[in-house]
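> These protein sequence lines are chains F and X, in that order. Quick note on numbering: the numbering used here labels position 18 of the first sequence as 18, and the sequence is numbered without any gaps. Count along the second sequence starting at 1, add 463, and that's the number in the numbering used here.
No lab work stands behind these hints, which were simulated from the structure alone. Being a predicted model, the structure only gives us computed values, none of them experimental. All residues carry an ideal CB built from backbone N, CA and C; glycine is no exception. Incorrect hints may have been included.
Said to hold, decoys possible - What the simulated footprint calls covered on chain F by chain X, stretch by stretch (three residues with Cβ under 8 Å from a Cβ of chain X suffice, anywhere in the stretch; the number is not a length):
no. : stretch
1   : 30 to 44
2   : 102 to 115
3   : 160 to 167
4   : 330 to 339
Claimed, not checked - With a straight-line Cα cutoff of 35 Å, these simulated DSBU-like cross-link-like pairs (lysine-lysine) come out:
no. : chain 1 : residue 1 : chain 2 : residue 2
5   : F       : K127      : F       : K171
6   : F       : K397      : X       : K627
7   : X       : K627      : F       : K268
8   : X       : K627      : X       : K609
9   : F       : K171      : F       : K130
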Amino acid sequence: MTAACPVALDLGLHPGMAAAHARALVPDLDVRDAELEADHAFLERLALHAVAHWTPTACVSGVDGLWLDLSGTTHLFGGEARFCRRLLRFLQRIGFNATIAVAGTPGAAHALARYGGDALIILPPGKETKAIAGLPLAALRLAPDALTASARFGLERVRDLLPIPRGPLAKRLGLSTVTRLDQARGLAAEPIVPVIPFEAPRAERRLLEPIGTAEAIGQVIGDLIEGLAGELRTRGLGVRAAILSCHRVDGDTQRIAIGTATATRDVKHLTRMFAMRIERIDPGMGIEAMTLAAPRVEDLRPETIGAILAGDARSPDIALLVDQLTARAGESGLFRMAPRESDVPERAVGRVEPLAVPTGWPRWARPVRLLRRPELLANVVALLPDHPPRRFSWRGKGYRIVAGDGPERVHGEWWRSAREMWAVRDYFRVEAQGGERFWLFRRGDGVEAPTGDLSWYMHGLFG
Amino acid sequence: MSVQNVPLDRPRAEQLAVLRAQFAAAQVARGPVLPFGVPALDDRLAGHGLDGAGLHEIAAATASLNDDAAATLFAAGIAARFADQPGFTILWALTRFDLYAPGLEQVGLGPEKVLYAQGRNDADVLAMAEDALRDDAIACVIAEVKAADQTATRRLQLAASDGKTPMLLYRRHRSLGRCPLDQPSAAMTRWRIGCISSARLPYSGVGRPRWSVELVRQRGGEPLSLEVDACDATGRIALPAAAPDRAIAQVGAASQAA
Numbered sequence: 001m002t003a004a005c006p007v008a009l010d011l012g013l014h015p016g017m018a019a020a021h022a023r024a025l026v027p028d029l030d031v032r033d034a035e036l037e038a039d040h041a042f043l044e045r046l047a048l049h050a051v052a053h054w055t056p057t058a059c060v061s062g063v064d065g066l067w068l069d070l071s072g073t074t075h076l077f078g079g080e081a082r083f084c085r086r087l088l089r090f091l092q093r094i095g096f097n098a099t100i101a102v103a104g105t106p107g108a109a110h111a112l113a114r115y116g117g118d119a120l121i122i123l124p125p126g127k128e129t130k131a132i133a134g135l136p137l138a139a140l141r142l143a144p145d146a147l148t149a150s151a152r153f154g155l156e157r158v159r160d161l162l163p164i165p166r167g168p169l170a171k172r173l174g175l176s177t178v179t180r181l182d183q184a185r186g187l188a189a190e191p192i193v194p195v196i197p198f199e200a201p202r203a204e205r206r207l208l209e210p211i212g213t214a215e216a217i218g219q220v221i222g223d224l225i226e227g228l229a230g231e232l233r234t235r236g237l238g239v240r241a242a243i244l245s246c247h248r249v250d251g252d253t254q255r256i257a258i259g260t261a262t263a264t265r266d267v268k269h270l271t272r273m274f275a276m277r278i279e280r281i282d283p284g285m286g287i288e289a290m291t292l293a294a295p296r297v298e299d300l301r302p303e304t305i306g307a308i309l310a311g312d313a314r315s316p317d318i319a320l321l322v323d324q325l326t327a328r329a330g331e332s333g334l335f336r337m338a339p340r341e342s343d344v345p346e347r348a349v350g351r352v353e354p355l356a357v358p359t360g361w362p363r364w365a366r367p368v369r370l371l372r373r374p375e376l377l378a379n380v381v382a383l384l385p386d387h388p389p390r391r392f393s394w395r396g397k398g399y400r401i402v403a404g405d406g407p408e409r410v411h412g413e414w415w416r417s418a419r420e421m422w423a424v425r426d427y428f429r430v431e432a433q434g435g436e437r438f439w440l441f442r443r444g445d446g447v448e449a450p451t452g453d454l455s456w457y458m459h460g461l462f463g
Numbered sequence: 464m465s466v467q468n469v470p471l472d473r474p475r476a477e478q479l480a481v482l483r484a485q486f487a488a489a490q491v492a493r494g495p496v497l498p499f500g501v502p503a504l505d506d507r508l509a510g511h512g513l514d515g516a517g518l519h520e521i522a523a524a525t526a527s528l529n530d531d532a533a534a535t536l537f538a539a540g541i542a543a544r545f546a547d548q549p550g551f552t553i554l555w556a557l558t559r560f561d562l563y564a565p566g567l568e569q570v571g572l573g574p575e576k577v578l579y580a581q582g583r584n585d586a587d588v589l590a591m592a593e594d595a596l597r598d599d600a601i602a603c604v605i606a607e608v609k610a611a612d613q614t615a616t617r618r619l620q621l622a623a624s625d626g627k628t629p630m631l632l633y634r635r636h637r638s639l640g641r642c643p644l645d646q647p648s649a650a651m652t653r654w655r656i657g658c659i660s661s662a663r664l665p666y667s668g669v670g671r672p673r674w675s676v677e678l679v680r681q682r683g684g685e686p687l688s689l690e691v692d693a694c695d696a697t698g699r700i701a702l703p704a705a706a707p708d709r710a711i712a713q714v715g716a717a718s719q720a721a
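With the rest of the complex left out, here is chain F:
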């Protein structure tokens, strides 16, 4: 057993017990494997949350705790006691029983939080030695062999160690025991190594003289991109979005942003993308500092070129061109068409992002251009139920049909709207006497009245 909740403790179970023993005590016990990695990952998340919300210095301590450095931060939450109560409530809300100890050293806090016995212990400064004196030796984070050795010598409590001279103590229990004891008492320093949330790569240039010309700005942008690309290369990252901030002499800040289709750290490409937007910067009285930050980055690792060495041609990479064209056409102006799950022709296509690789459509005859909305035909002469029209007029011109294929029946999508419950379209591909080829449909199957009113529509044009 690695952990037990208060209910389990009441039943007489405690951590360290063998699973068989526990089963003997509580026959219907539900035993699950401990997930130490998942626990650790959750603690890491909690540490990041702490960094974002409570204190800049926080880290995971052991397998079941967190260290928060509260120096100079608790006044923001109304003092240490209030902050700790708030923290306990927060942890209770997300489903944890926690104990908190506030002490002058990490070692003492560690010991008191685990062996102190109270949910909340706030130790006044300088009382660490006295507070931990009554705790068992395990509270000191000793190495396992040191613990067994001390048990052999009959040392059980921290206070047993205090009168022993340091030399013999180090000889018997190891130097690390002395260090741990000193750390807990505040005689030796033990810094907390804080977890650092992800830091967005950035480059900055402060200028000796304010600049205002496009050439000078372009030069600085080039330098910034060089710097950023170097940082990205060492961290193995590529830019997906970058923001350039120009701080003007009068305190105003001008910002321009770019986005890229794939992660890149190509200096030439980034420079060109910014150069296309350089005229949007208003230098005013002059720019005295410029910052380039990449708030959105992705991993960009070297990739294997085995296939290319083996002689396979590499398909050209259009990502750079996509970025360049997006700068001209806008985010929505660049797209591919991809199939959608629908048989209704106008719903069977949809726009997707430019680097997607869509699959195709079924090979039914389809026109190359589709009218924005179907247009009603007039003077239609047609045999029911399944013949193409003999003649019709459209946009004020009469057509006589010489050949036709069809019908291709498309049923309405009843799950979209009640009106399409019974709706049917019969599509025909017809050729008129002059060689014009059209795509027409009739609403209704020509037999059942609820399927449609038998009106004819023009929907597309074949070449």
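With the hints as your guide, set chain X onto chain F.
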């Protein structure tokens, strides 16, 4: 007049050889030539095919939407054959999107091959086409515009020959009864495509569509006009098969005789 001049400054054989070598070198430096696979058409084209590093203009024969669709498919078929390798992409730049992608897939331009770029006006479209031409990642560029003056076409032609990428300029009709190809242009070839009646099938169906293809002007060659069968699933046009009715008539006669 040229006939009179010939005896006076007739080029010598070695000069001719040098010129021929220069011409061949220039041809090699250009992009690949894409033949149509129709001898009647290829033999009359200057390079025995479409120049893979040049500007080609395509327009519908009339302002009707059917001819427009035919010309679109003609351009799409050429682009599909330029981009026949897996992984190749073409750019289709336009201002008003009314293409139907399943229809394009049926001439060999699957959705994974086409990247659409929608600009706000013709100037946007031309600028994007030029960007794409100078980038070597694109197999072919199609741009749909209503107006492009000689400067614009010259820029496109230069970009196409610099980037060794074929450029198909699809010129839409601006007004009824006025062909968009009557303005001067720097294009290598200029095509006018119209719909004509397809061959009647022995049953009541629509046969393979048929187009009238008119090469209005080409650099270094004569204009021509002929009727072809429309693009198949790989974008290839073909010459109409000779008189299918006759074979059926013979079968009919044979069965009657028997």
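> Let me make sure I understand: some of the numbered hints might not hold for this structure. Which ones are they, in numerical order?
Violated hints (numbers, rising): 1, 2, 3 and 6; every other hint is consistent with the structure.
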